[in-house]
Amino acid sequence: MNLSRAFRPAALVLAALVLTGCSVQNDGQMFQRWAAEVKSIPVTDIEASRQRHGAPEPVKVDVIDPVEAATTEAQRRLITAVANELPAAPAAAPVVAPVVRDVIGEKLAQATQASAGRAVQIAAFRSEADARTAWSDLVDRHRELAGLTPQFEKVDLGAKGAWVRLKAGPITTPEAAKALCAAAGVADAWCARA
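Final position of the sequence shown in our numbering is 198; the numbers increase by one with none missing.
Calculated directly from the structure, the hints in this document are not laboratory data.
Everything numeric in this text was worked out from a predicted model, so none of it was measured.
There are no misleading hints in this set.
EDC-like, lysine to aspartate or glutamate: derived pairs with alpha carbons at most 16 angstroms apart:
#1 LYS182 with ASP192
#2 LYS158 with ASP134
#3 LYS182 with GLU148
#4 LYS158 with GLU132
Sequences are here, hints too, so could you generate the full structure?
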């Protein structure tokens, strides 16, 4: 690299600085002159402009109270939640319900006659009270389950927390386990293991 190439950018910068400084009068009065120039620009009379063109319509703005808006939204959500929780009209009983109930009753009766058997897990709950309530509701809906004995097994699942497993038994055959799971409305394969 030769010396002239190394100094070329510095020479260009120096020339630019010299040229920009030439057009500025540095007498200390530059800003006062600019202010005087701005002041001399004629401004149209606002009143005369309004009379010629008519006054603009005032802008109408709805004021929304944030507390009222939040309250209205909360009321809407509450009404929706309550409406979703209301019991639906009872559905017509299916034609096959008595037949299914008889089959479930037979299978469970066979299972309860055997003295030895296993308990089948139906569900898991966060508390024993919830598990007991679920068992009571299930027996109320399916009287044929009243002959079974509920078991409430407390387990600690580590990061998932403490749970109570609802089991019922004694169940001696896979068919009886499937019937119990069907009565409980559990379609998962883990329920039917007996």
